[in-house]
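**Q** Residues per chain, in single letters:
Protein chains: 2
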Amino acid sequence: MLNKLVIFGVGLIGGSVALALKKAGCTAQIVGVGRSSESLQTAIDLGVIDLASSNIKDAITEADLILIATPVAQTPAILNAIKPHLAANTVITDAGSTKNDVLSCAKEILGEQFSQFVGGHPIAGAEKSGVTAATADLYRNKNVVLTPAPATNPLAIRRVRELWQACGAHVSEMPAETHDGIFAAVSHLPHLLAFALVDEVASRPNAEQLFGFAASGFRDFTRIAGSHPEMWRDISLANKAALLSEITAYQKELSHLKQMLEQEDGDGLHALFERASVARNGWAKTKKL
Amino acid sequence: MLNKLVIFGVGLIGGSVALALKKAGCTAQIVGVGRSSESLQTAIDLGVIDLASSNIKDAITEADLILIATPVAQTPAILNAIKPHLAANTVITDAGSTKNDVLSCAKEILGEQFSQFVGGHPIAGAEKSGVTAATADLYRNKNVVLTPAPATNPLAIRRVRELWQACGAHVSEMPAETHDGIFAAVSHLPHLLAFALVDEVASRPNAEQLFGFAASGFRDFTRIAGSHPEMWRDISLANKAALLSEITAYQKELSHLKQMLEQEDGDGLHALFERASVARNGWAKTKKL
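In order, the protein sequence lines correspond to chains A and B. The first sequence runs 1 to 289 under my numbering. The second sequence runs 1001 to 1289 under my numbering.
Be aware that one or more of the hints could be misleading.
Partial chain A-side listing against chain B, Cβ under 8 Å, derived [stated by the list, open to error]:
| id | residue |
| --- | --- |
| 1 | Cys26 |
| 2 | Pro154 |
| 3 | Leu155 |
| 4 | Ala196 |
| 5 | Phe211 |
| 6 | Arg275 |
Bear in mind the hints are in silico, worked out from the structure with no lab data behind them. We treat Cβ as the ideally placed atom computed from N, Cα and C, and that holds for glycine.
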């Protein structure tokens, strides 16, 4: 049970946490802090938060938990603003898609109080954005990864774990580096590959004709190329090292495939496609996607 | 109005043509020819075809139109079997995903009667396969590309065009080479990229962990990696030249992206992602996908 939860950035991600906790009946008061007073008013009108505040000191006084759910580029500024007023028993967590960079920055800014910070990453889709898209069920049966550091207070980890469990999520813990490696492979690389394909097609003189004949396979493959450019620039730069190593591995695989095609190695192509389709369909079955 | 339509391969593709024509009431008799008598019986039971035949001569006698809708690797054998019994006023068309190879093979096998052959490619999704998945609406508002050669009889083209229009499709015509170039870019390359990603991830020692955290972005990006390995081996080999040139162009784009990431060129990355997301979302809007 939380007496006071403060959410920085009451959009889809933060708003859905608020709604889930309200539905679960386990938070007395939820305070929203954000750049847009209009959007905070909407959050109040929709019953997502109880109170909006533009005064950070007032907002975080006596807070059990602070959730930073803004675009990740704002995290350093928010931590700097929080730091002077941060009580010893207030836990901070975030919802960013990369974790090594967030942990480094939290360590630098929070100093000894870094033990109160728990990095977090809810793996939940976000076709739409903004508080009007928030829903109490966004995290139900979804994965949330926490990336505590050796210095992190175990009680802080427990509090954040309970927050996400109350939202219906499956919570796991791993080092930030492991997290960033996994998501470079299964999320960040696919996004870059999709952006690259669409950009390449769109740059052709006959782009209109090409798009005219693109169908459902292209639609699904490129859906993530419709994602937010600023967010993906930040994720790419934040996870640069892991992502570069993923791109290199993928380039090697693609060269191998190209070579088989050049040599008309039908058996080799068939074996690769077969391995991929078995793996992909098996995965979709277990995931019930 | 067709008096007699013969369909080789009464699966999703051929069966859906049959159902659409029956619904439109514009074919007197539909005869199915196939390797599996069981599947042909199902087609009769479902009212997809009127008659099944294993005798090619009987089947194609007095046919106005023959549609080859088998896996594309069977096309040469079928054309060879048809040739000795082919009347001068029977038109042949196909539904294969590549067209240069089919046209070459038809030219070689049919000789002077090549003028009766019209290459075709219906662009319609095929999550499921087999005649039980066939539906009268599969081609409604979908694109069908015809690839007549200079030698093709204009009356043959018109007959095939009318067939697909009766199915509710938008029919366009272009040279086989143009067709193969377009689909290398918007269909064949994305398939290979998706196969490559899944194969690369599945080959890792921690594949299970990686798949465990893969979510909806990965799901959509890799959906086409669940496609039929044999079919995609054949398409890749058949469209080798165009596909190799697409892979090369994509490798160049990916190297460029990688270089921007190495140099931490945030503006460059943002510009690329922005171009891609604007193009992709604009396309999805026009396509109403």
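**Q** Evaluate each hint against the coordinates.
**A** Taking the hints in turn, this is what the structure says about them:
Below 8 Å, beta-carbon pairs count as interface contacts, and A:Cys26 has none with chain B, the closest being about 26 Å; its hint is therefore violated. Interface hint status for A:Pro154: violated, as the beta-carbon distance to the closest one in chain B is roughly 24 Å, over 8 Å. Among the interface hints, the one on A:Leu155 is violated; its C-beta lies about 26 Å from the nearest C-beta in chain B, farther than the 8 Å criterion. Below 8 Å, beta-carbon pairs count as interface contacts, and A:Ala196 has one with chain B at about 5 Å; its hint therefore holds.
Among the interface hints, the one on A:Phe211 holds; its C-beta lies about 5 Å from the nearest C-beta in chain B, closer than the 8 Å criterion. Residue-level restraint check for A:Arg275 holds (minimum Cβ-Cβ distance to chain B is 5 Å; threshold 8 Å).
Hint violations for this structure: numbers 1, 2, 3, all remaining hints satisfied.
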